[in-house]
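K.L.:
Model the placement of chain G with the ligand on the given structure of chain V, informed by the hints.
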Amino acid sequence: MINFSRSLEPNNTMVIPTPFHERSFAANRRGHWTSWAGYTIADEYTHADLEYFAVRNQCGVFDLTPMIKYHISGVDAEAYLNKLFTRDIRKIKASQVAYVLFCNESGYTLDDGTLFKFSNSEYIFCSQDRHLPWLLDSAIGFDVEIKDRTDKIAALAVQGPTSAAILKRMGLDGIENLPPFQMQSFQYQRDDLIVSRTGFTGDLGYELWIDPYLAIKLWDDLFTCGQNYGIEPFGSKALEMLRIEAGFILPHKDFLPANHVIRVNRGRTPFELGYGRLVDFDKGFFNGRQALLKAQQNGPRYQLVGLEIDGNKPAYDAWIYQNKRKNVGTITSAMWSPSCKTNIALAWLDANAKTDNLWVDIYTNKELKWHKNMVSCKVVKRPFFNPARRNAVPALDF
Amino acid sequence: MNNYDAIVIGAGHNGLVNACYLARADLKTLVLERNPYIGGASVTRELYPGFSYTNCSYVCSLFRPEIFRQLELSRHGLQVIPYDGGCTFTQDGNYLATYNDHEAQRREFARFSARDAEAYDDYATDVMRHCRFIKPWLLRTPPDPVSRKAKDIKGLWQLYKDLQVLTEAQIYDTLEFYTISCGDYLNRYFESDVIKGHISNSSIIGTGLGPYSPGSAYVLLHHYMGEVDGRIGSWGVARGGMGAIANALASSFKASQGEIKTDCSVENLIVKEGKAVGVALENGDEYYADTIVSNLDVKRTFLKVVDKQHLPQDFVTQVQQFKIRGSSGKLNIALDGMPTFPALPEGSTAIRGHVNIIDSMERLERGYDDWKNGTWSKDPFVDLLIPTQTDPTMVPPGKQMMSVFVQYAPPVLNTGEWTEEDKQAFGQTVIDAIAQYSPDFKDLILHAEIRTPQDIENEAGLTQGNIFHGELTLDQLLFNRPIPGYAQYRSPIPGFYMCGSSTHPGGGVMGAPGANAAREILADKRMTV
Ligand SMILES: Cc1cc2nc3c(=O)[nH]c(=O)nc-3n(C[C@H](O)[C@H](O)[C@H](O)COP(=O)(O)OP(=O)(O)OC[C@H]3O[C@@H](n4cnc5c(N)ncnc54)[C@H](O)[C@@H]3O)c2cc1C
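Keeping their order, the protein sequence lines are chains V and G. For the first sequence, our numbering gives the first residue as 919, with consecutive numbering after it. For the second sequence, our numbering gives the first residue as 26, with consecutive numbering after it.
Accuracy of the hints is not assured; some may be wrong.
[What the hints assert, rightly or not] Covered, in the sense of this in silico footprint (three residues per stretch, anywhere, with C-beta under 8 Å from a C-beta of chain V), are these stretches of chain G: (1) 128–134; (2) 142–150; (3) 153–164; (4) 191–201; (5) 383–395.
Hints were generated in silico from the structure; no laboratory data involved. The beta-carbon is built from N, C-alpha and C at its ideal position, and this holds for glycine as well.
With the rest of the complex left out, here is chain V:
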């Protein structure tokens, strides 16, 4: 007879709550939710525009828990990561957070992410997508252990001009002196609270990493201390606006992780993504090196650019034309930037396309009647919005 007592916890729901759900649920007056990596995440708490301005003007809190987090440890951790990633991992110091890319053997980008270095033998790698098989296969021959810690670490992004002041009030002494792309560990209750000066908003901001059992306490402390500093939760809709203004690229939107590519040539090299500086050929062998050397020789096929577009209608999914005629690219992310009061976009242009005399065709629906407009645009530097407070050390009070 088969014994049906369950030795494995059943999995019977489509989405699971994050450790902050009780609080985000209470705060979500609009009732808009989305699924991110299988977790329920607030899409909009009140109104995306207002949440966006809370971040640009005061302080916003975003539930970052679904971010994929791989814990990498072992004596060979540094050598292993140096083989995995395109940049020279040996140059990264303890307590530093590094932006990294990694490629398959065709030189196409599998993903980007942030690498948190605790020591030469302990790191956490955060990415949007999952890559365990690739990470494990790349580890053959190295003395390392790789563990998915995504649901073992709760995380909040605390972003905006008053974020440093709020964390200081919460008792994180000296937080204002933490430079961008550095992290620091604080005693919180009887546990560690890791704070990194990082974020996806292009503003002054921090990311807080904690054991899930302290999640609710952390949320409550933040909102209590932030009461007079305009603290508000923000959802994924507002985050999308913030990240486009900051000029950050998003997998599956601005590029496709190479392991998801069905049609050949839809992958992108780091050079094409504009991250050639993160490829270090001097460090010895790494995954994709040969293909990338060739790609560097051949030159990029495409270029990822920031665009400023005339008018105020976002150019969602639009084509880009040279001289209104020749198709030279497509838009991947587009929005009206409330901070720059400009119509902006991220786009792929053919590598050899001239960057003058560019146009996009924008379709607008005017009371159910569609209009097609050829609108002039120009290539601009990213980030579109880059306030001085973003990198100021010590962090400005607000």
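P.N.:
For chain G with the ligand alone, kept in the frame of chain V given last:
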């Protein structure tokens, strides 16, 4: 009176699809069916009062949407409805469920292996690439690699071009994919026995191969390349059972002035001066047309209906050697209510889909060993579906119908032909196997139809009961199907064509062989639909 422009032998779904296109080109078309009912292996029958059984095939995904649209099957009453769920029960009382939601599926796999859970994305991407490669070829006539005709050279050029959109590594992978075993293929991605067992199910359905037999990886694809409403790989039920497909086709055919005669077993092809001119029935009736199309499998067509004197000897030999090993049986069970499956949590959607009870490729392979030894699997693979959860119209309110596809069962036993006792013992093996996972199942059984490969051959007319009208291995696919040199629906006899599942792209309720054959027939007549 008995003169037609075209005669189709067999009212299987492919015969009907073919006949629809011919009738739409204004050919006076007659379909002759041996059974008192139409549909072949795409049939719904009431064998117990109030219960409709979807006797042979039970789920729909491969049927080409182009055909659905062109033959206006919606107007003729066909509805295909997707369902979710599915699971594999494990011997230790657990289960592995299938979810439509990507993240729910990943978490489900992660209960067995964190690595496999994430490897599934890579696997799905690669399989999707193979689907994209094969899909445009379903409704194309396979080009003949030895021909110098413009259309064959064009077709081969297309095949070459399709390969050239892949990277070198992907081309190697594609060539390999068509020949390696499912076991070897899955080992590249997965480590968990349960997960591999769960996925490998699709590699053995209907074939005389085990999961470790070379060529079984392709069979996976044959089950993934279909779609419901553009969702590649998903399956649906035809409202009213698979007979609804045949009925809608028949209705469409009649709307184009087509004529169907049932209880008309064709005994002989009439050949005059080397050309097909008509058919003679068992009852002595004769019908004439200068275009005759056979919906029967290639063996039945050329070894039974056509006299050898009209055929080149090497062709006859090749037909004899065509692999058409039967390996599947089927139980259709009327249930007094919904059985419970204690391994599943309350309210689980898993039970709405395909339920499997073999939790490793190892066990699957052992089941295959029994078949090679000339007996049915003692630890059988079942693909169990209770479609009446999705389509309650097939049963009285509150009752259920369970369709159980069984692998492996040989067409002939090591003791000889199947006897009535063998058949009952086979059915009991299957019922006992299911009851292990559902204690109340046996008490709910009102009636069970047990079908051995021999029954499938005798009743539905598929040689050896092979569900695909012939093995789906590379030596019998594309320009090799059914016989090299005869892969373009024509036979050695002018005016005589093939349109059944023995032809490209093979078995399953797909309609593609019927449609492709019609295109070639009309091209010979310098006509189009
Ligand atoms: C048990 C089983 C389960 C299956 N499950 C599925 C499934 O879930 N999904 C899926 O897509 N596919 C499934 N298949 C496969 C699929 O059903 C077949 O491949 C497909 O239906 C074959 O169609 P066809 O038109 O080519 O031939 P057939 O359906 O075999 O039609 C041939 C017709 O010719 C008739 N005939 C035979 N001899 C004569 C004669 N001498 N004179 C006149 N008429 C004659 C037969 O009676 C029959 O009606 C299954 C098959 C079986 C047997």
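K.L.:
None of the hints should be skipped; say for each whether it holds.
P.N.:
Here is what the structure says about each hint:
| no. | hint | result |
| --- | --- | --- |
| 1 | 128–134 | holds (count 5) |
| 2 | 142–150 | holds (count 6) |
| 3 | 153–164 | holds (count 3) |
| 4 | 191–201 | holds (count 4) |
| 5 | 383–395 | violated (count 0) |
Violated hint for the displayed structure: number 5, the only one.
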